Amino acid sequence: MNPETPKKGTDGGDELPGSDGHPMDRILRMDRMPHIWCPGCGLGTTVSCFALAVNECGIDYDKLCVVSGIGCTGRAAGYLRLDGYHTTHGRAIPFATGLHLANPDLKVVVISGDGDLSAIGGNHLIHAARRNLNLVVICVNNFIYGMTGGQVAPTTPEGMKATTSPFGCLEHPFNLPYLASSSGATLVARWTTLDVRQMVNTFKKAFMKKGFSFIEVISPCPELYMRRNKLGDGLAMMKRFQSDRLVKHGADPKEADLGATGKILVGEFVNLDRSTYADAYFRMVSQLAEAKSVRKEEAKPGGKSPAQAGAKAPEAVGEPKAKPRPAEGDREGRGPEKKAAGTPAVATSPP
Amino acid sequence: MDSGYPEKLTMQMDGTPQAESPQFWRKPIDEGKAPKLVGVVLMIPERCKGCGWCVEFCPRKVLVISERFNIKGYHYPRVAKPEECVDCRLCERLCPEFAIYLKRSPAQGGS
Amino acid sequence: MVSAGWVERIKESSSEAKVLPGILRPGAYFFNGDEAAAEGAIAANGRFFAAYPITPATEIAERCAARFPECGGMFIQMEDELAAMNCILGAAWAGAKALTSTSGPGFSLMMENLGLGIMLETPVVLANVQRAGPSTGLPTSVGQQDMMQARWGSHGDYEIIALCPDSPQECFDLMIRAFNLSEQFRTPVLLMSDETIGHMTEKVIIPPAEEIELVPRRYTRAAPGDYWPYVPDEDLVPPMARAGTGYRYHVTGLTHDHRGYPDLDAEGQHQLLWRLKNKILQNQKKILSFEMARMDDAEVCLLAYGCSSRVARSVMELARERGIRAGLLRLITVWPFPDDLVRDVAGRVKAIIVPEINLGQIVREVERAARGRTKVVSVPHAGGGLHTEPAVLQVIEEALR
Amino acid sequence: MVQRVMKAAGRDVQEIRFCGFGGQGVILAGYITGKAAAIIEGRHATLTRSFGPESRGGACSAAVILADQRIAYPFLHKQDVLVAMSQAAYVEHIGQLVPGGILITEKDLVTVENPRQDIRSYAVPATRLAEELGRKLVLNIVMLGFFTCVSRVVDPESMRKAIQSSVPAGTEDLNLQAFNKGYAFGLEHGVNG
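Heads up: the sequence lines are chains A, B, C and D, in that order.
First residue of the first sequence: 1, per our numbering; consecutive thereafter.
First residue of the second sequence: 1, per our numbering; consecutive thereafter.
First residue of the third sequence: 1, per our numbering; consecutive thereafter.
First residue of the fourth sequence: 1, per our numbering; consecutive thereafter.
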């Protein structure tokens, strides 16, 4: 599976006895390296942080699935040695929805780009957040369509140039954390590719989270966004991150607008608990089964109302008799680590 | 290698990288008692695409850009001050090419 | 914990050759075609349904919404048909037998990811209850205008399997068959129903579970380290691996090699495309199904499918009453098109009459397959209703003159 | 089993149309008739329907074909029985009723002008009879009772069984009462035509 033997130690520190190569080689498909990403692009860093988070949080590799859409970021699924699905443009979230709902034991992660997730896939994003599907969505935002050569994206800051906005972008960009949180995401964070330690921590938190997690990673696109806009190289963008980023956990995502210059608000903005679609579904199923067994009980001789129960046996259409309880959720509790303290815990599984 | 890490030892607990090596404004009370971590930087130069992030953001300025080219024609990083490394692993996380990683010094039991 | 049992049930659903116990309700029912299709899905161990409501397919979604929760299945109404199609692909990879349902406008939206299903070789079933178009057209009235879209609607080149029911009973039966074919050939299968059949109510017999044969999914027996997702068996169909079972495979909608890795050149494309095409074409005999009535002595053949075949059958009787030796060839499998069968029929009759509720789609295939051996006459209909019998009869009489 | 009127007329196919406006239970009436014939009596039945986009108030029609053999063409060629529960439905469909056919109208909702002399014609105050049972909603079942009585295309016992398994749980008794009321009205008034 892994034909390339990484060459170690040359020109670095001395190679050490027992060194078994780069620790991420275990989770990466090294037979597919080098990856296609340009020098100074932050996608490798994001994947690196993802791999570290997987390694560190002890999640079962075999239960972790990665789904990507199309674009530079879309290739991420192909570089991770996990069950990986490289789908069509914009459709990673619905594909992941199917994987997750058909087997809720899996942890399904979507890694895709800003164009994929917020333009063509924007509708899927907001609905997945609204349903609170138990998914992790990592959106790498580099302000541009990279793979197709630098076209304007829904995240391109106003005035910035792209091949399809040669005189400057006329549109207001999406504030993705705000979009996700207002749609119902239960964990919303943003980091830059410089915030590697925080990114790893948030990824780990998201892997353990039950609910819809949306993590935006701001990343340089040196070749197609920065060069066209005379912003320097990848390193220049990283330096901008260093000077402009403002860490504010629990900040109102409404304030997280991004411009071509100015502050970049980062942090974990939202962390709350709310019933997921799968939980609500299982609760409904349990209640239906319960109601059914009660009806059977009543239908027995000496039961409560033998006349009514079972009368429609051959033709029962199976309309749900018991309505599922509306999902409880703590939509107030905004901010990192906010637990629904004192309130009844949201049911994680039906009895 | 322990002897190489005197009073300047720093751990970036929040991970915020800093361009300049920080100066302590006061002396940690456990100085001398806390284990001093020592890292060994390992590199796979053929993977490097020369973005320079590891060099720029290493809090201890362990790395410099090498004069040499790798197989792809990039100047890859070189360990200039091995004794400065404190195994913070920022370079390992930052590297977009999975080209750089760390081992804890065998003197500390490895990792 | 319901969740754990649930997952097991869904996993089992694709591995079983028999209907899972405790689900089926055998008996005689008065169902419309949509309800029968939903019951057929349940009988086929279909355990995952995702769709977007659209007339006249909505009854499939409604019945699945009511029945799947009590059958150990998962139901979700998605935000659109793009999502629905992708959702069932994901579910299939997780181990579920999955389906969706739609009609014309939604069918168009599903085309993109029907292609993904073909490329990833994903067994799913898509039921299209056709209505008249183009565009919003006649939402509550019949059409058979998606027949060519079924064949060519997704971009690129591919083979597809499409079945056309002519009654609610066949909606039930063919739904099971559609699942079986999708598992056998690891490909999306289309159940091309129509508004007339979908909204028509007739007796539907649900047989006892032991009479229903199901094709289990072909899961790999290879060890995780030795498995590549696109190494085919002799019949050109590669065994599958379920998500989360340690195989850690990669699949992509890009042209790929046996490893599932992108292989972006002409040679890779040649290898993949021909295998995808040939796994259907080489096995066409196993896929083909049709019905012939009074063809033994026929001088003219009515060739029809779906609701139009009911008109054709009626016209055949009327023609016989008038002394015209008419026969019926009803295509149940429309795609892949039965070239040999039609060519054979073309050699035996004076004319083939093709009534269909479109302006002439399948008739092109009939003409192609007949290769000039006989007169092929299209009886088009713009949609919104069935042909009248006298109109078709008149075409027969003119064709024989 | 009762002798089938239409069978006696030399046909083994009966074509029946129930029509009215949405909300009157027109489709259910057709469904129950088809189910009684197909499932309870083991014959062949095909039900087709047409309705407008409105849930309430739009034109609505259920067409049932009953036969002893497989039914090919699923729509009505003509009508042996027409059950019209609205003026518009009556006007639209009366022309297709075959000579010797049966017309049943909702007495208070349909005004029959220039009555055809070649058909058997009945007017039933189904809505009023349903109201007497406390639920206007069951007018369709009252109509079914009357229809069963005068047309004799389906055995009344089959109809009762079909009703029981088709109406919402808990309303079976009410619906059977409605059927019986319509049936009794037919026995009482049907003979006169």
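These are computed hints drawn from the structure, not numbers from a lab.
Just so you know, these numbers come straight off a predicted model, no measurement behind them.
Cβ coordinates follow ideal geometry from the N, Cα and C atoms, glycine included.
Heads up, some of the hints might be wrong.
[Unchecked claim] A few chain C residues facing chain D, derived, Cβ under 10 Å:
| no. | residue |
| --- | --- |
| 1 | Asn-32 |
| 2 | Arg-310 |
| 3 | Ala-312 |
| 4 | Leu-393 |
| 5 | Gln-394 |
[Unchecked claim] Partial selection, computed: residues in chain C whose CB lies under 7 Å from chain A:
| no. | residue |
| --- | --- |
| 6 | Arg-9 |
| 7 | Ile-10 |
| 8 | Met-74 |
| 9 | Asn-86 |
Hints versus structure:
1. A distance limit of 10 Å between C-beta atoms decides the matter here; for Asn-32 of chain C the minimum to chain D is near 8 Å, and the interface restraint holds.
2. The closest approach between the C-beta of Arg-310 of chain C and any C-beta of chain D is roughly 5 Å, which is under the 10 Å cut-off, so the hint is satisfied.
3. Against a cut-off of 10 Å between C-beta atoms, the interface hint on Ala-312 of chain C holds, since the closest Cβ of chain D lies about 8 Å away.
4. For the restraint placing Leu-393 of chain C at the interface with chain D, the shortest Cβ-Cβ distance is roughly 12 Å, beyond the 10 Å limit, so the hint is violated.
5. Proximity of Gln-394 of chain C to chain D is violated relative to the hint, the smallest CB-CB distance being about 16 Å (cut-off 10 Å).
6. For the restraint placing Arg-9 of chain C at the interface with chain A, the shortest Cβ-Cβ distance is roughly 11 Å, beyond the 7 Å limit, so the hint is violated.
7. Of the supplied interface hints, the one on Ile-10 of chain C holds, with its beta-carbon coming within about 5 Å of a beta-carbon of chain A, less than 7 Å.
8. With a least beta-carbon distance of about 5 Å to chain A, the hint placing Met-74 of chain C at the interface is held under the 7 Å criterion.
9. For Asn-86 of chain C, the shortest C-beta to C-beta distance to chain A is roughly 4 Å, which falls under 7 Å, so the interface hint holds.
Checked against the numbered hints listed earlier, the structure breaks hints 4, 5, 6; every other hint is satisfied.
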